[in-house]
Amino acid sequence: DQQVKQNSPSLSVQEGRISILNCDYTNSMFDYFLWYKKYPAEGPTFLISISSIKDKNEDGRFTVFLNKSAKHLSLHIVPSQPGDSAVYFCAATSNSNSGYALNFGKGTSLLVTP
Amino acid sequence: NAGVMQNPRHLVRRRGQEARLRCSPMKGHSHVYWYRQLPEEGLKFMVYLQKENIIDESGMPKERFSAEFPKEGPSILRIQQVVRGDSAAYFCASSEAEAYEQYFGPGTRLTVT
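Here the protein sequences come in this chain order: A and B. Counting in this note's numbering, the first sequence runs from 160 upward without gaps. Counting in this note's numbering, the second sequence runs from 568 upward without gaps.
Treat the hints with care, as some may be off.
[Said to hold, decoys possible] Derived pair list, reagent style DMTMM-like, types lysine to aspartate or glutamate, alpha-carbon separation capped at 20 Å:
| hint | chain 1 | residue 1 | chain 2 | residue 2 |
| --- | --- | --- | --- | --- |
| 1 | A | K164 | B | E608 |
| 2 | B | K611 | A | D243 |
| 3 | A | K197 | A | D214 |
| 4 | A | K164 | B | E607 |
| 5 | B | K611 | A | D214 |
| 6 | A | K227 | A | D214 |
| 7 | A | K215 | A | E174 |
| 8 | B | K638 | B | E607 |
| 9 | A | K164 | A | D214 |
| 10 | B | K618 | B | E607 |
| 11 | A | K213 | A | E201 |
| 12 | A | K265 | A | E174 |
| 13 | A | K265 | B | E639 |
| 14 | B | K618 | B | E665 |
| 15 | B | K611 | A | D160 |
| 16 | B | K618 | B | E639 |
| 17 | A | K265 | B | E668 |
| 18 | A | K197 | B | E668 |
| 19 | A | K230 | A | D214 |
| 20 | B | K618 | B | E668 |
| 21 | A | K197 | B | E630 |
| 22 | A | K215 | B | E668 |
| 23 | B | K594 | B | E635 |
| 24 | B | K638 | B | E608 |
| 25 | A | K265 | B | D653 |
| 26 | B | K594 | B | E624 |
| 27 | A | K213 | B | E608 |
| 28 | A | K227 | A | D183 |
| 29 | B | K594 | B | E665 |
| 30 | A | K197 | B | E607 |
| 31 | B | K594 | B | E663 |
| 32 | A | K213 | A | D243 |
| 33 | B | K594 | B | E630 |
| 34 | B | K611 | A | D218 |
| 35 | A | K230 | A | D183 |
| 36 | A | K227 | A | E201 |
| 37 | A | K265 | A | E201 |
| 38 | B | K594 | B | D653 |
| 39 | A | K265 | B | E665 |
| 40 | A | K197 | A | D160 |
The set of hints was computed from the structure by calculation and includes no laboratory data. Given the structure is predicted, the values throughout are model-derived calculations rather than measurements.
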């Protein structure tokens with residue numbers, strides 16, 4: 160069963176505009192949420208994370224918002240740049256027998272056009 | 568300041584052969600996770616290891632798959648008697664003890680012919 164869902168397979172945004180990537184989850188026990196960026200034929204690169212006790216975390220052009228009551232989080236990229244074009248994965252985890260094994264969504268492919 | 572290293576980057580095996588995938592964690596990281604990504608899918612957890620210990624292998628098929636993280640040397644994911652369905656990208660990630668942030672290697676793309 161898919162505990163983390165990214166319902167938009169793709170998103171196209173103009174350079175300079177805001178990109179908003181969305182993620183929903185079903186397991187209320189998740190403690191941490193992470194966003195990874197992935198280029199083809201490379202491994203995921205960690206972008207930003209947020210603890211379940213917070214509702215916002217910001218790092219440069221990247222901001223993650225968490226709405227626990229809706230079990231929803233989003234990643235905002237402002238301003239978007241062509242180099243941001245990649246697949247973005249949302250992941251969630253909690254401390255368990257599996258350590259902090261990550262539960263991933265299927266990803267959203269972001270295309271930033273000049 | 569090397570990141571997570573994986574080799575080989577690409578591996579081609581015929582059905583029935585064995586595949587060995589290696590992962591060297593980041594310096595200072597003692598926890599290793601293996602994930603598999605099938606085409607058009609997200610990454611799926613397979614196994615979680617600490618030095619000399621398999622902590623949880625609940626995401627790994629019971630047969631043909633095994634993993635180890637010896638005291639010295641890289642972590643190894645071993646797939647015996649590979650089948651076409653094993654074709655996927657296999658990623659290793661490492662973390663510090665008690666940390667949730669994981670850093671991934673470039674992956675090994677396994678193709679079974």
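Right, here's what the structure says about each hint:
1. A:K164 - B:E608: 11 Å, holds
2. B:K611 - A:D243: 24 Å, violated
3. A:K197 - A:D214: 24 Å, violated
4. A:K164 - B:E607: Within the cut-off at roughly 14 Å; holds.
5. B:K611 - A:D214: Not OK: K611 (chain B) and D214 (chain A) at ~26 Å, beyond 20 Å, violated.
6. A:K227 - A:D214: Satisfied, since the Cα-Cα distance of roughly 8 Å is no more than 20 Å.
7. A:K215 - A:E174: 24 Å, violated
8. B:K638 - B:E607: 35 Å, violated
9. A:K164 - A:D214: 19 Å, holds
10. B:K618 - B:E607: With Cα atoms ~32 Å apart, K618 (chain B) and E607 (chain B) exceed 20 Å; violated.
11. A:K213 - A:E201: Not OK: K213 (chain A) and E201 (chain A) at ~30 Å, beyond 20 Å, violated.
12. A:K265 - A:E174: 24 Å, violated
13. A:K265 - B:E639: 35 Å, violated
14. B:K618 - B:E665: Distance ~14 Å between K618 (chain B) and E665 (chain B) Cα, so the pair holds.
15. B:K611 - A:D160: 11 Å, holds
16. B:K618 - B:E639: 9 Å, holds
17. A:K265 - B:E668: Answer holds: K265 (chain A) to E668 (chain B) is near 19 Å, not above 20 Å.
18. A:K197 - B:E668: Within the cut-off at roughly 16 Å; holds.
19. A:K230 - A:D214: Holds. K230 (chain A) to D214 (chain A) sits at ~11 Å (cutoff 20 Å).
20. B:K618 - B:E668: 18 Å, holds
21. A:K197 - B:E630: At roughly 30 Å apart (the allowed maximum being 20 Å), E630 (chain B) and K197 (chain A) break the hint.
22. A:K215 - B:E668: 17 Å, holds
23. B:K594 - B:E635: This hinted pair holds, its Cα atoms lying about 18 Å apart.
24. B:K638 - B:E608: 33 Å, violated
25. A:K265 - B:D653: Holds, because 19 Å separates the two Cα atoms, which is no more than 20 Å.
26. B:K594 - B:E624: 23 Å, violated
27. A:K213 - B:E608: Violated, because 29 Å separates the two Cα atoms, which is more than 20 Å.
28. A:K227 - A:D183: At roughly 10 Å apart (the allowed maximum being 20 Å), D183 (chain A) and K227 (chain A) satisfy the hint.
29. B:K594 - B:E665: 15 Å, holds
30. A:K197 - B:E607: 13 Å, holds
31. B:K594 - B:E663: The given pair, whose Cα atoms are some 9 Å apart, holds under the 20 Å limit.
32. A:K213 - A:D243: Violated, at roughly 25 Å.
33. B:K594 - B:E630: 32 Å, violated
34. B:K611 - A:D218: Distance ~27 Å between K611 (chain B) and D218 (chain A) Cα, so the pair is violated.
35. A:K230 - A:D183: Given pair K230 (chain A), D183 (chain A) holds - Cα atoms ~6 Å apart, limit 20 Å.
36. A:K227 - A:E201: 31 Å, violated
37. A:K265 - A:E201: Holds, because 16 Å separates the two Cα atoms, which is no more than 20 Å.
38. B:K594 - B:D653: 30 Å, violated
39. A:K265 - B:E665: 26 Å, violated
40. A:K197 - A:D160: Violated, at roughly 23 Å.
When the structure is compared with the earlier hints, violations turn up for hints 2, 3, 5, 7, 8, 10, 11, 12, 13, 21, 24, 26, 27, 32, 33, 34, 36, 38, 39 and 40 and for no others.
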